[in-house]
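Visitor: Which chain is which? The protein sequence lines are R and Z, in order. Residue 49 is where the first sequence starts when you use the numbering used here, and the numbers rise one by one after that. Residue 49 is where the second sequence starts when you use the numbering used here, and the numbers rise one by one after that.
Derived by calculation from the structure, the hints in this document are not laboratory data.
Which copy is meant is left open, because identical chains are indistinguishable; a pair holds if it fits in one copy or across any two.
SDA-like mimics (lysine to any residue), calculated; alpha carbons at most 25 Å apart, straight line: (1) K59 - R121; (2) K59 - P93; (3) K59 - M92; (4) K59 - M70; (5) K59 - L146; (6) K59 - R153.
2 protein chains.
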Amino acid sequence: MPSSPFALDLKPPYYAVIFPSMRTAGDGDYEETARLMAELARTMPGFLGIESARSADGFGITVSYWRDEASIRNWRRYSEHVMAQERGKREWYQHYELRIARVERAYSGPEGRD
Amino acid sequence: MPSSPFALDLKPPYYAVIFPSMRTAGDGDYEETARLMAELARTMPGFLGIESARSADGFGITVSYWRDEASIRNWRRYSEHVMAQERGKREWYQHYELRIARVERAYSGPEGRD
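Okay, chain R solo, but in the shape it has when bound (with noise of 0.2 Å):
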C-alpha cells in the first residue's frame, strides 16, 4: 500500500482508522491489490490520505484519513463487496486490529512545533 507521507495537509478535527496488521508469510498478490484498494479509497467520498509502513518481521501500520464517520462507514461497507477484504481475512493477515479515532489536534516537526 502506498504511503503518502508528509503529503498530507489535514486540519482537524477529522478521523483516522488506525489498522496495525501481522503479515502472513505468504505474499501472494498481496501488494498489487493493496495498490488498487488505496486507489479505489482514493476516490470514495471524505477520504482524505493514507500512510503507512511495514517492519521486516512482517508488523505493520496503515493509517488512513477521513472527514467523518459517515466517510469510514461508507466505505467500510462498500470494501466489503470487494474481493481484497475477503482474501486479506483469510490470507494475509494473521491478526489485526481497527481503530477508529477522531484526530482533534496536530503538531509538525522538527522545523516548528505548536
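Based on the hints, put chain Z in the right spot on chain R.
Guide: Below, chain Z without anything else, positioned relative to chain R:
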C-alpha cells in the same frame, strides 16, 4: 522502538498519538534511546501501550495509546525534559507529524469482526 502487536486489550474511548516520521540516514544511537523512551513512557500515568513499524525506506509510524488527554500532555511535558526529544528534532527525523486522536470504536480480526 519496540512494537507490541496485539498484546493490547484496550476499551474505547481512549486516546492515540499518531506519529508518522521519516528517519534521516544517520542512525546515531537512535534505537537504544528510543527503547529507553518507550520504557519511560510505560512508567507514565495513563500509558496504555505502543505500536511501531518502520519500512526499509525510513518512513515509520508509531502509535502510542493513552487513557486521556491529560496523560498525553503530562507525557509531552515530561519528555521535553529528556534529551531524546531534542536529539530527535535535530538528528533523527527529517520531518514528523503528531496527531492526537480519540479512539471511539475498535474491531479485531480475522477470527471475528464487529
